[in-house]
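**Student:** Position chain B against the provided structure of chain A, taking the given hints into account.
2 protein chains.
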Amino acid sequence: MRNEKLVAFGQRVREIRKAKGLTQENMAALAEIDRSYMGHIERGEKNITLTKIYQISEALGIDVTDLFPRSTMTNNSAPKKD
Amino acid sequence: MRNEKLVAFGQRVREIRKAKGLTQENMAALAEIDRSYMGHIERGEKNITLTKIYQISEALGIDVTDLFPRSTMTNNSAPKKD
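Note that the protein sequences, when read in sequence, are chains A and B. If you count the first sequence from 1, you need to add 6 to reach our numbering. If you count the second sequence from 1, you need to add 6 to reach our numbering.
Check the hints yourself; a few may be wrong.
For identical chains, the list gives no copy identity; a pair is met inside one copy or between any two copies.
Calculated cross-link-like contacts (lysine-lysine; reagent style DSS-like; alpha-carbon spacing at most 30 Å) [claimed, not checked]:
hint	residue 1	residue 2
1	LYS58	LYS11
2	LYS11	LYS24
3	LYS52	LYS11
4	LYS26	LYS58
5	LYS11	LYS26
6	LYS24	LYS58
Keep in mind that the hints were calculated from the coordinates and are not lab data.
In isolation and in its complexed conformation, chain A is listed as follows (with noise of 0.2 Å):
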């Protein structure tokens, strides 16, 4: 279950959540999520589910998009029109 967008998207989590001066153990509190699966989501081992996203952008106090690595996307998959 470990790929690197669920990687990329803990890495956030964590970088996040130390900026605001939190340990894992608050946080998961804050958010209402088991501790040590916090500590799964934030090494990406975890395939998070949308109502937990909100519950840590929530813990966090930020907007849900900021939990979101910032993508440099390529737009080759969109679909065609023809």
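**Tutor:** Below, chain B without anything else, positioned relative to chain A:
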């Protein structure tokens, strides 16, 4: 599992899919997600995982953050610093 955030997310997916002129079946195929599962997602009946959120954004050719409804966030769950 149905909650307002899942419903809002699903509505946003449907809105963008239709704006791109895709049927649910087209999009399910592009995203490599089961068609009936896509229906559940659009109706907010499934707590979608992060990897599937990325599959949908890639299928639609948009940034993952564009899948989230614009929020007018109130910051009242921000961690206290004292």
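**Student:** Going through the numbered hints above, which ones does this structure break? Give me the numbers in ascending order.
**Tutor:** Failing hints: none at all.
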